[in-house]
Amino acid sequence: MTTLLQVSNCTKRFGGVVANEGISLTVNEGEIVGLIGPNGSGKTTLFSSIVGAHPVDEGSVQFDGAEITRMNVPSVARLGLLRTFQQTRIYGKMTCMQNMAISAPTGRGLKSMFGGFTADEVTRAEELLDFVGLSSKRFLRGGELSFGQQKLLEFAMALMARPRLLLLDEPTAGINPTLINGLIDRLKRANAQLGITLLVIEHNMRVIMNLASRIYCLAHGRLLAEGAPEDIQSDQRVIDAYLGAG
Amino acid sequence: MSSGFATSRFSRGLILTCVVLAILAAVAPVALPTLVKQMTVFWVMVIIAYTWDTMGGQLGYNSFGNVVFFGAGMYASAVLQIAPFTDMAAYTAAGEQGGALVLTNAQYFAGLLPGLLVAAGVGFLLALILGFAILRLRGHYFAIGTLAAGIFVAQIVANWEYLGAGSGLTMPGFPGKGAAGDQAKSTFFYYLCFGLAGVTFLFLQWLYSTRFGLAANAIRDDEDKAEAMGLPTGRYKIIAWAISGFFLGICGALYGNFVIHVDPEDVAFDGAGLGVWMVLMVVLGGKGSLWGPLIGAVLFHVTKELLWTYLLGLQYVVLGLLVIVIVVFFPEGIVGWLRQRFPNRFGERVEAGEVR
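Chain order of the listed sequences is F and G. If you count the first sequence from 1, you need to add 430 to reach the working numbering. If you count the second sequence from 1, you need to add 201 to reach the working numbering.
No wet-lab data here; the hints were simulated from the structure. The beta carbon of each residue, even a glycine, is placed where N, CA and C say it ideally should be. Any given hint could be a false lead.
As the list claims (entries may be wrong) - Covered stretches of chain F (in silico footprint by chain G; criterion: 3 or more residues with CB under 8 Å from a CB of chain G, positions within the stretch not fixed): (1) 508-521; (2) 543-550; (3) 561-571.
Could you put the whole structure together from the sequences, leaning on the hints where they help?
If you want it as structure tokens, here you go:
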């Protein structure tokens, strides 16, 4: 297995608040890795640091062997490292199809900035909307969808960009129970069929235990534990800090 | 385009509408010779509205500084049209008392063409430079930054002796004398302004049908998301503004030649007038829409002309009232209101089938 993402000793401070302290983690190609921890433990900050939105103060981030610690957000994204947002973000006044079209892989050259859309991209956009079950809404504006549907749209947009590694920030938050099962299935299919490596922040234990092969647990900005789902679940430190005595 | 998700397409309906509008516009000066001046200004307004909409409507960056490119184009063409034929510094120093520069036909047109081209280049380059400087700002901060840029450039030109400083300069007189010459000048610039408006409109519609259109709208809807998806947002913004600057530069040059007397603060860099009107027109018509800027320009220009003719003294009061009424009842502009009322006509629809 090749290492796709290597985070080494990353520290991020906001003024006096240390959001991440000396965090190291590894994601291998083809894996689904979980990231859990109490609210405010620094999970989303770590995502923002990895993709370059809040560059780390210390430490380094490497993607597929390349140093990306100081790289800006769009450049990191074009390498194939994408993140979704906890507060779902889609383009509200554009139709679902338009949301999908502009999410196709892009470049900085004039041709990719001012070119047209290929028939292949249209087909893929339609297929992926069908994949997340939004086909019938494809000509509606993104902002008119329900929150859960917007989450699905955001997921489809991420797939449209053909990422190698996808950082998902609470993909099932706000989604109803029946839809969650479908989503777990789709995440697994994206991983297995499309070959997309996933690093997933999740509070729903059933989902993350079902999905991930390895889990990292953060607390107070530090790495608390790492291991297979069953080990994490029985780890006393994780139980004390996060899961609670069930 | 069969893709079905471009923001605008050259459909048969659009081409037909354009042809009808073009024919009407072409015969207008013959049919209504007394209104040629007003109609020339109308096309200038259309260009200004559509170029403002590129940033303000498509990208969601409200600029109050587009007058910079308009005014800079005006002065750039002035230099190209005057300096080769006379001592520019002495000519501007003499001011209006010196009278307009008299050129032969050949000289006039030999100066006008490079003047227009250089005006386009100056508008384009200034927008690039200004874009690098202030397009890092977002939202209200960008709006304030552009406002400051407009005042800044106006003050520089108003103190630049070579360009006539605060009293401005007089463009070369159009060949031909008396009332007939004046009418010929108006008709000449009517067709140039109408032509430029047409080219601007078609170019922008083409531009919006490419990836640029959706990228611009993505930046408007959520710039952080657009960045996170890998779009080169900085480049898109700067290029968009430079395109506005290109057309505004030519537009300013045409307008300067049309009004003859170029004043730095009242004509060229009229931030409080033109700089605000361009925003109003697009907001009235509907930001980021195909016909919104045109509808806004018609509404605004006709109302303004009527008010200035029949209600002089109260014109700004009534204009202000009109703006309030529109903003309260049509906050999304007229096209935006139509889109809310008739979403199907704008391609929004749900197809049969449940969300799984």
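Which numbered hints does this structure break? Those not satisfied: there are none.
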